[in-house]
Amino acid sequence: MKENVLVRVEALKKYFPIEKGLFRSNAREVRAVDGIDFDINRDEVLGLAGESGCGKSTLARLLLALLTPNEGRVAFEGRDINTMDKRSLKDFRRKAQLVFQDPYGSLDPRMRISDILSEPLIVNGIRDRSILSGRVRGSLADVNLSPDHLTRYPDQFSGGERQRIGIARALMTRPSFVVCDEPVSSLDVSIQAEILKLIKEIRESLGLTYLFITHDLRVLESISDRVMVMYLGKIAEIGPTEAVYGRPLHPYTALLLDASERKRGVVKGEPASNIALPSGCRFRTRCKYAKDRCVEEEPVMTEAEAGHFTSCHFRLK
Amino acid sequence: MLLEIKNLKTYFYGDKEPVKAVDGVSLAIGEGEILALVGESGSGKSVTALSVTRLLPRRNCSIESGEILFNGRDILKLNEEELRGIRGKEVAYVFQEPATSLNPLFTVGFQLTEAITAHRRVSKRAASREAVESLEAVGISSAEDVVEFYPHQLSGGMKQRAMIAMAVSMRPKLLIADEPTTSLDVTIEAQILDLLSDIRERFGMSVLLITHDLRVARHTADRVAVMRSGRIVEEGAVDKVFNSPSHSYTRMLIDCIPGSKERH
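Chains as they are written, first to last, in the working numbering: chain D, 1 to 317; chain S, 1001 to 1264.
One or more of the hints may lead you astray.
35 angstroms max Cα-Cα, derived DSBU-like pairs, lysine-lysine [what the hints assert, rightly or not]:
(1) K13(D) with K288(D)
(2) K268(D) with K1240(S)
(3) K200(D) with K86(D)
(4) K268(D) with K1089(S)
(5) K291(D) with K200(D)
(6) K1240(S) with K263(D)
(7) K263(D) with K1089(S)
(8) K268(D) with K13(D)
By construction, these hints were calculated from the structure, which means they are not laboratory data.
Values in this document were obtained by computation on a predicted structure and should not be read as measured data.
Between the sequences and the hints, there should be enough to build the whole structure, so can you do that?
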């Protein structure tokens, strides 16, 4: 069972200091990721949902070794990515890729599509023209774009097409692990559906492992095997997709589900500050079920049913 | 009917054939009603919305034909000065990106006061008091502090609340909200939609809500009009359009909603 784990996250913490004043006396910090543990299995799609500021993107960056954690470790194929030597790290970067949210900001407007797609390979030392052009065409075909597009610039494409190019670029180095950070959030719903379909097809044909991040829980339903919900730097709930949607255990998951249906009057208040966290349960300031125990004691993750964990003292029925 | 659009055609002119952005649209909004105009990028929703007060580039765009009756007056027959009395005052807009709608160089309070004094003869002091009140009216709790803030000091949801405050401070009869929640998180989006419903109740305002996401219309609007390639393909009460769409395009938009196929 153990070799099935591709990414293992243990007690991971990332705090960002707030430097204020001349002598930096009041050293406070933003607790972006505040102690989380989970695994991503091979060939699995793990969906990650949460609001702005809950630490989703910080977590993504930690998993890709783009940030160094304050505490805890991230292991990829059993090796800690923060203690790797240079060569292993380079190999890791080839295997782990990122698809960005904003298809406008993430493509250099002055580069042709062929150059955008070749760059990841050139960085990895592949300079042979015929190999490059073969791989570029292959990736473009993977995302259903025609080779005619290669000589064009990003501004000649729609938002949906740009996102396809972003995905093609991520596939260039033949990664095994792809982090998609809100890849459909800035697109029209009809285009969203297309991109989600594409991401699913690619997963089936290339056998990839994904971490798929979004603020809209409904987007994950059709694409993920398991879903993880984050709130203010911690995991609120994690479990198989059907279980989380069918029987959400954490009141925050229920709130996100209602919000993504655009129901009226379900969302009250905003998240507490992750600089000055409330005592006890960090969700209690917005929770309609909060009791004394939630003020006094911070809940720990417990397994409510096979593979379905939550950090709530009082699970929803 | 507060607003009646009859067979509106708005075309853009370039080197080639004119682009028929709006190609024969008829719509009506009653007093205190929320009408959602739903369609994909490029379907002509925003051009329809901008046509209502003729906020269109004169250089390459023209309203070819049709009628726009607002409170019984034909907007297309008004001169610039008469239009200024309607824009912002009787018909107010809230746009998609609150970050680019606010000027980063001025405080929120300054921008609100400016909008108020532009339309009414009130003293500066009265206007700044009104600015605070209008922020409170959109659910900003520490409005006294927020007027001193610059846009970058506010979250996306707060900025959009400030934009809505600016729009409703004139007590317009019609609020046109063009994708007001598209760049926001679902939880913030739910709150902004709650706010729009609440404003309608309190001020009896009519709302034209433009969105690409039928889910946004579902629990907020009374009626929905579905737009495609410059035309309205279907219109009706929200529940009817959702439960028994008559046009295949509407069906397709419903199927695009994440998770909808699984549940149907």
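### Message
Could you work out which of the previously given hints the structure breaks and list their numbers from low to high?
### Response
As far as the earlier hints go, only 5 is violated by this structure.
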